[in-house]
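Chemist: Here is how the chains run, residue by residue.
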Amino acid sequence: MAETKTYREALRDAMVHELDRDESVVLMGEDIGVYGGTHLITDGLYDEYGPKRIMDTPISEGGFTGAAIGMAMLGMRPIVEMMTWNFSFLASDQIIQNAAKVRYFSGGQVEVPLVIRGPNGGGVQLSAQHTHSLENLYGHFPGLKVVSPVTPNDAKGMMLTAVRDPNPVIFLEAGALYGTKGEVGEGDNAVPFGKARIAREGTDVTLIAYGRQVSLCMRAADALEEEDGVSAEVIDLRSIRPFDEDTLVKSVEKTHRAVAVQEQWKWFGVASEVAAIIQEQAFDYLDAPVQRVSGAEVPAPYARNLELAAFPSEKMVANAARRTLYIEEK
Amino acid sequence: MAETKTYREALRDAMVHELDRDESVVLMGEDIGVYGGTHLITDGLYDEYGPKRIMDTPISEGGFTGAAIGMAMLGMRPIVEMMTWNFSFLASDQIIQNAAKVRYFSGGQVEVPLVIRGPNGGGVQLSAQHTHSLENLYGHFPGLKVVSPVTPNDAKGMMLTAVRDPNPVIFLEAGALYGTKGEVGEGDNAVPFGKARIAREGTDVTLIAYGRQVSLCMRAADALEEEDGVSAEVIDLRSIRPFDEDTLVKSVEKTHRAVAVQEQWKWFGVASEVAAIIQEQAFDYLDAPVQRVSGAEVPAPYARNLELAAFPSEKMVANAARRTLYIEEK
Amino acid sequence: MPAENGNSENGDVGREETRGEGTVATSGNGLVDVYREMVMVRTFEEACQKGFRSGKIGGYLHVYIGEEAVASGFLSAFKEGDRVITAYRDHPHALILGAEPKNVMAELYGKGTGLVKGKGGSMHLFDVENGLMGGYGIVGGHIPLGVGMAYAQRYQGSDHITQLYLGDGSMSNGAFHEAANLAGLWGKEGLCPCLFIVENNQYGMGTSVERTTAMTDLAAKFDAYGIENEKVDGMDVEAVMEVAQRAADHVRETGKPYAVEALTYRTASHGAADFMEKYRTKDEVDEWRQRDPIGLLEKKLLENGELDEEKLEEIKGETKELIDDAVKFADESDQPDISELYTDVYAGEDEYLGEK
Amino acid sequence: MPAENGNSENGDVGREETRGEGTVATSGNGLVDVYREMVMVRTFEEACQKGFRSGKIGGYLHVYIGEEAVASGFLSAFKEGDRVITAYRDHPHALILGAEPKNVMAELYGKGTGLVKGKGGSMHLFDVENGLMGGYGIVGGHIPLGVGMAYAQRYQGSDHITQLYLGDGSMSNGAFHEAANLAGLWGKEGLCPCLFIVENNQYGMGTSVERTTAMTDLAAKFDAYGIENEKVDGMDVEAVMEVAQRAADHVRETGKPYAVEALTYRTASHGAADFMEKYRTKDEVDEWRQRDPIGLLEKKLLENGELDEEKLEEIKGETKELIDDAVKFADESDQPDISELYTDVYAGEDEYLGEK
Ligand SMILES: Cc1ncc(C[n+]2csc(CCOP(=O)(O)OP(=O)(O)O)c2C)c(N)n1
Ligand SMILES: Cc1ncc(C[n+]2csc(CCOP(=O)(O)OP(=O)(O)O)c2C)c(N)n1
Ligand SMILES: [Mg+2]
Ligand SMILES: [Mg+2]
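Chains as they are written, first to last, in this note's numbering: chain B, 1 to 330; chain V, 331 to 660; chain S, 661 to 1016; chain Z, 1017 to 1372.
Next up, chain B with everything else stripped away, as it sits in the complex (with noise of 0.2 Å):
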């Protein structure tokens, strides 16, 4: 059974279902109770839960990051909210250092089930400071998962996943889809990590993208159906880390041609790895190499036309995609 959710509604439901089945859970967060949560995904969570499973902290994202580690290593499973992803720097010391490896120098004598989940990418006019996509940052360290979900039932299942799972867990929400519907799965819809979806089939051309660049990818492909004629394959990756390469890899052996697409800067970026992965495992298949297609080399500016210019556009992956066809740009 499926039923008609926001993607705000989906993730909510997902923390409601773990709250209600295991104690040690807790959610934490500036805002997220008394307030009702910046993004009003937490409310009214406060009133039902409590004050010792809903948890307003104050402004110190280091420091509630770092205690929520140290309440999994007791073995609560708290979800931490990161108001936006923007502010994960001042917890970037507790998530690389402590989070992803304590399990490692302590020889396996703890784990941290733990999930970090918060606001990721920009496109609301946020400027420099609250614009980041940061899946490569995160996603570069051992010891973490990194989930980019982009449907609202992949919010909701990859949520559960990630409360389930005894790693710590980087959920990377599409911030400026929260109000977008889509089916969501009724109950136990936990969605696994590592595989990514398939959004659309196609023979032509690979469009590999996730968050919300999927969507980007679907008007293109539907632009490059149209106007040119092309097939392309849609595919969401979902998960970055641990980051399905079989997928992509099997895509390609079928169109040959791959679009990477991604919000955030090109150096070092998920589209690059995709590239390599692809040129690496694919090679004889390809017959044009892998686009990328990323957010322009610069802060993000706050006037709209300079933002929308400073992201990905449908014209860009549709061209890209023509690029790898050798057919003319539009």
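Hints in this document: simulated from the structure, not taken from any laboratory. Note that CB positions come from ideal geometry on N, CA and C, so glycine has one too. Any given hint might turn out to be false.
Stretch by stretch, here's where chain Z covers chain S in the computed footprint (C-beta under 8 Å, at least three residues) [stated by the list, open to error]: (1) 824 to 836; (2) 844 to 858; (3) 861 to 874; (4) 930 to 943.
For this one, chain B is given, so just place chains V, S and Z with the ligands on it according to the hints.
Modeler: Relative to the frame of chain B, chains V, S and Z with the ligands by itself:
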């Protein structure tokens, strides 16, 4: 004229040169003054230049890095020692959110002539929390420049360039090589950013690295020559942002094969970017997929044997080259 | 180095000694002028709220309504060459220091005529020529910068000071701790003329100070860094002006930091998009409205005869006109040229390193 | 959840009530036993220094010489189920809690028989079964963890507490500030039984407390967080034991944090590799050696007759043997199997996600 100097002396020479040349240059960091510097790079400078210019700081990486940004915004030129880059997560918010972006979000009203320097990378059994290679992390962000010299000559020459650059420069030193010697140009031998160095010429395969891994590639090149009669070209990237794509591409157009080597972890690392660039720009020249050699996907272990196994070895590099040549691995 | 970088010697950028020449609201320091200034700020902020609701202003918008006496009072002690740095609630600081309302409004409207060319928006106002070293969006993140600026001021041999504004909420953050500690330490040698101004509006978003820390005396938190401190009623602009002058003089003279906690209240919502205010009661807000700083000052000026109803209407009228003009200017200005996307990323030869 | 994770209910892992059974040095709580314990720690540390100089121990090595009374005194108040967390100067905490010297030494020697399988080295001792939740290498980075552990202890309904050790130098760091503030806040509801123990050895590497902060009363820094605090002479183990018991009882009872600053001195160099000690005089070190905690205790025990020269020699002899054995064990143990490189990266099904 050139003199034989250690990497350590070369760095120090450059800083002394700039301290003498420009009153606005100051050094800041933990234990760089009275204590003499953890790595002895700044030893003696406190006595010579006094506490106003050689500033010992409390253990507060974010705080003093931020203060240095403020100083730079008013026209000083601070050189901040990050005792090791492992501690820089604590300063990452200041570096990424302020230093890299304040020029942009002020509409060009300020500039941040700031150098942050210190040892990067592992190799001396410092284990998980003290072993990182962060070139991809900082290299991702527009507004920063990122360099990683490996020869003493480049250490000095790039430090001169860094201090004079009106932008924040992330200066990643090959910490394990502070004691190694090399010819260093005297006086003002500034080395520009954005130009890779051909460390060894060759015709059959291109080995691409930076920092300590350049030495590894040199040894692997020797082995390939001796054992397989293969002529390897070795490229030292030196500059991570800006990045010299041309030198890479030209070399591969000649050799048709490439291996990218990094100490850092594979995912979203510099080697992925190298592979992405080469497949993009030298697609028709490539006779084999670009191979990547990276650190094992584990937090750095302490035990010597494990640590050695966690880092790329000469053998791994040579074998990767052999794979590109379709000859048997050894 | 270009003067616009604020990098010229001693920060001298050739301005006249008076603040904000040319804006009707900021032409002096008498109480009536301060009143005019506060009304101007309020009127500007109300126009912003309207602009936000009508979709002309995007992103985050944080207004200063209820807190005007703090910035107004402290900036009365501003001297040319001084520096001011604050967080994202930065419109009043820009306006009072002398930025034209029309350029500030244009910034909020995301226009090329904006104070920072439309690149920063509400949270990132800069006006280096007039002393404003920025508004910043990461809570606490600007505090170390301000401390460093103060060090630079002494290092460069000037007697300028830095006014560093921070919120109650930011004091939970490690950046505050580290920076305040550095300020105290450098201050021992007379090398940190930094005036910390805590805009204690009693909430960080929806979290009250009591729910943020077990020790709610925010001024006293500076004791831990060896920084002298005191409190002031942040609704009484005269009281603020008195402490501001005294504190600024002290900081200027000694090169030591000093902290003042101004108790105030934000009668507007935290951000313009917040509609629910579950975290406080309407009664509480109403009670604080009784102590509205503009209302208090108006009453005093009417009582002591410095103002009469006529003059009052005149000021309000002039102010309204000024802000209406600003809105019109902002509305009619063009968006930044698309080429601006690629400027100002780097200083020096290459402004942009990438493909376009 | 496996018991080794310290995740079993209330942290009960089936140990006996006494600490460190089975090691000669830690079999009781009388003063002579404490003396024995301190001698054991000292002997162990001296053996480490030797191991470092001879190249058997790699990486960083930080010993506790001169500070023994602090860990020994506070851990005398440890109760089963309590948790201990500290930084990288962590050998005494592991040893006193009951880890076998041979496994600790083997860890330092990078052997598979080490306390954490040779993966962590000197800075990362863990012995979860005995209550040690780790040594950590990032200054200040462990403090938030300890505060979170204390919360978990109350959340899970136990009356256990967390002993959180931190250095004077770490108090400049934002992590300290944020965590202490959380502890104070959660303590208001009785939800943070965390005992902060400041090992004030007066230096962070080569930087004295006076050169680190303008306010050098470290205990009083906890005032800013509403955490009660006091100081103790960290060279006088009896004094430390007294305050430890009292403070631990208080924390256990109230669920509120409490802080004790123990004034002590590191007579060894900061790290084993530091040879120059420009930052302090030989005289200063010598003066503090006069107040060596082991010397002080020895004198007292000899004076009051609890020890005589013979017994003293016996203790030293037994201890030497214990540590000699530990060194021998460490030396003769094998390096970890290379397959260990890939274990413990992740908990659960896949321990390793990558190519081998
Ligand atoms: C590091 C960080 N965390 C969270 C936020 C989100 N945020 C924006 S404003 C704010 C409240 C700040 O309160 P305070 O410092 O009291 O300033 P005020 O808004 O009351 O002026 C928060 C939590 C942020 N911008 N930066
Ligand atoms: C964040 C961070 N910065 C710097 C260092 C390097 N470092 C290691 S120990 C140390 C001194 C710490 O002093 P203190 O907290 O007093 O502990 P002590 O060594 O005296 O026991 C420093 C600066 C580090 N490990 N972590
Ligand atoms: Mg506030
Ligand atoms: Mg110390």
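Chemist: Hint by hint, say whether it matches the structure.
Modeler: Each hint, compared with the structure:
1. 824 to 836: Since three or more residues must qualify, the claim that chain Z covers the region 824 to 836 of chain S holds, with 5 doing so at under 8 Å.
2. 844 to 858: holds (count 4)
3. 861 to 874: holds (count 4)
4. 930 to 943: violated (count 0)
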